[in-house]
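Each residue of the first sequence is one higher than the one before, counting from 43 in my numbering.
In short, the hints are calculated from the structure, not lab data.
Be careful, since some hints might not be right.
[Said to hold, decoys possible] Ranges between beta-carbon positions, derived for each pair:
#	residue 1	residue 2	range
1	Asp892	Thr630	45 to 53 Å
2	Lys747	Lys913	30 to 38 Å
3	Pro46	Gly835	46 to 54 Å
Ideal Cβ positions, reconstructed from N, Cα and C, are used throughout, including at glycine.
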Amino acid sequence: MQMPSKYDANQVENKWYDYWMKHNYFHSEPDEREPYTIVIPPPNVTGVLHMGHMLNNTIQDVLIRRARLLGKNACWVPGTDHASIATEAKVVAKLKEQGINKSDLTREEFLKHAWDWTHEYGGVILQQLKKLGCSCDWDRTKFTLDDDMSEAVIKVFVDLYEKGLIYRGFRMVNWDPEAKTTLSDEEVIYEERQGNLYYLQYKIDGSPDTLTIATTRPETIFGDTAICINPNDDRFSHLRGKKAIVPICNRVVPIIEDEYVDMEFGTGCLKVTPAHDENDKNLGDKHSLEVIDIFNEDASLNSYGLHYEGKDRFVVRKEIVKELEENGFLIKTESHLNKVGTSERTKAVIEPRLSDQWFLKMEELAKPATQAVLGENPEINLYPKKFENTYRHWMENIRDWNISRQLIWGQQIPAYYYGDGKDHFVVAETIEQALEKAKKATNNQALTTKDLRQDTDALDTWFSSWLWPISVFDGIRNPENKDINYYYPTNDLVTGPDILFFWVARMIIAGYEYKGEKPFNNVYLTGLVRDKQRRKMSKQLGNSPDALKLIEEYSADGVRVGLLLSSAAGNDLLFDESLCQQGKGFGTKIWNAFRLVDGWEVSKAIDQPESSKMAIAWYESKFQKALLEIEDHFSKYRLSDALMTIYKLIFDDFCGWFLEMIKPGYQQPIDAKTLKSVIAIFEDNLKIIHPFMPFLTEDIWHYMKERTPEEALIISKWPVAKPINETLITEFEFVSEVISGIRSIRKEKNIPFKDVIGFSVLNKENSNTNFDSIIKKLGNLDGINYVSEAIEGALTFRVKSSEYFIPMAGSIDVDSEIKKLTEELQYTEGFLKSVQNKLSNERFVNNAPDQVVASEKKKEADALAKIDTIKASLDSLK
RNA sequence: GGGCGCAUAGCUCAGUUGGUUCAGAGCACUUGGUUUACACCCAAGGGGUCGGGGGUUCGAAUCCCUCUGCGCCCACCA
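With the sequences and hints as input, model every part of the structure.
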């Protein structure tokens, strides 16, 4: 088939993706081969592909494709998650646009809207992954709200409840007044905000004394139920046992003492508002204080706020400051920088709020997961290792997990209330089972499902995704099925360090609890993708390139290479489009290399030239050496280094040296033997590039010869390791220096490459002549003469102790040659001196290993020989 | 405030137990080169007191101390 001179990526990429899909190469079924499994970190079902996804999924695809070439049964399970908060927020916003309030809808009606939304926008991201070339087993695509996935979640909830690990608690939680839901600590972002510190005066009951308290939140005085002083603070000893009067609401509250109070901060007096501050709650519990919640769920004040009832907390803050001031309660205002918790999703300021929540006890569950990563014989490796510290920090300070969310979009908590109180409930997988339990608990056989009310909260999304590596193989509902037994534990997990605890740690926990085994062997933590100015890529900044446009412009292969060129595990990737350009350029280079080979006429009549024979032997060793390096990089998850090794092998060794060595003269045919080897070498090259550039390599593969679907590159075999001829490699390093020397002289003296030149060698060592045919070809020499004496009137250069001569027509510039030689002599003598200094140091000779001393001696000998050569040349010039 | 980590060429980064992988790579830069696969190219070249200071050692980018400047995580005193 005729190759086009230009590679048309867009058309080619679609063609081969369809081809791969058609022949079902991505699909995996358990068989006798060794499995290699990755479960995708499920992106938000309604999300779109961004740079982080591109990096992440490129890495996964490289690993999967390589495993496939290594003959493993590669299975990459794709899917999406329902992202409860984010999706619900979007649906609420959309309904609002249509003039619909969430609160006016029934649960079922809202869910209908949410599902409509999901079906409309859902899965776009998976289509985008196909553009990137991801070879996921699409037949296994999962969604965290699929019926079977939800069933697994509910089953696990019930199980944990029955084990006594899930409990209902009245706790201070992060309340998002906008989304009207609870957030986990991890979903709260602290921002520095300029606020004020208000100094308020409280009267003392039955005394003319007053005390002053500094607060950042004057509107919370309606919830004050005590004043606290430090027992060691002499300034306030006269207030012990007295009571204070809260301004405006005139509540009389006790003055308590606790060492928790920092005597240095503010005035040394603290107002205690147990309903609205975690520390105050602790104080309140300790001193049995009343808890007064002054807010509605949207953070407007309730009836405790008196005449402020119904107004928003921030409006009230402004107004109450004014009222306090007018009534002489405000002593002064200082500006104060404090950190305010905000919602990751809605950006609303978080309100600490006491509410009924469901919690999962973590301490015992976490133990095997901690051991698995940090124990003496770790079963799970983190790449890079530095994240083990972060992991340790999390696991050692683990807190109970608040798993309930005041949302509809998600799995509804399977707790069913009966009777009146909120304390009467049963937990069961279905309402029928719940009814049986309720009948038993109440001894009332007359109960019907109508008497049961299911908890309205949904579960945290992470409570579904922590089961992901198990539930995608149906390992919760059906624990001994063929898939789970074959694919679990999975091999590698590729994700960002920002969800190391959210997701990775919890999957490990769930793995040990539900499979008694780790969920994966290795965790590859990618960095964040940032722009050139190191800013995080975000929609707001508009610095995030459109993923699909990038693919269109630079090809999927180009973008994949661009992303991996400089992204060491765990390091942030400073993304620059020029990297994709480089990736695309690499593709063009390979394309053109094959065009060259493809264009050669074969002649059976000619013998293989000596130079080609040497070149093939040399490149085969070079390739094998690179192959070992690549294996080593992969084993350490150093994908950028693996790619760079391939890049240099192809660009420099293959295109730059090898093809030049074997290339026949212009319009000359190539011998059949050489061409056969070149094709075999090219095939091996394509195999190792394929994981990084799947489309281009598959395309060239099929231009090489007619191939059946069984012979597609994607399912071919990774090159086998062969012995390396190190001598050949070392010899060629020397030869390449000689060729560089010739090129340098040509450049210095403006001798065009097409001019054939003479060449002589004064060879002091008996170095071999294996590569002479190649030196002759690449240097465009008329031959190589071995001489026993320096040639006069020639340009010279030296490699090691050999000296090379290029005769120059006309006279050479003796002065400049002398100058060049003198400088070289000075440098070499200086070098010799430093080596000899070292060797004359007795302590060095006695203490350094023999190998090191020997190498210094070799350096000395080489330098001495070279000095002799240079001196001889100088003499002949003078 | 507590913890972890980083600092090597203009940029992004390798550099494993201290010594031939020791000062490197890619990109960028400079100079020269196009009828002969490829200017998305080829060749040649410049560029670093390894953040500063001190120490250990025959020998330090590498180990220790200290200072400086960054980054991340945790807790956040009203």
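Which hints from the list above does the structure break, by number from lowest to highest? Result: hint 2 breaks, nothing else.
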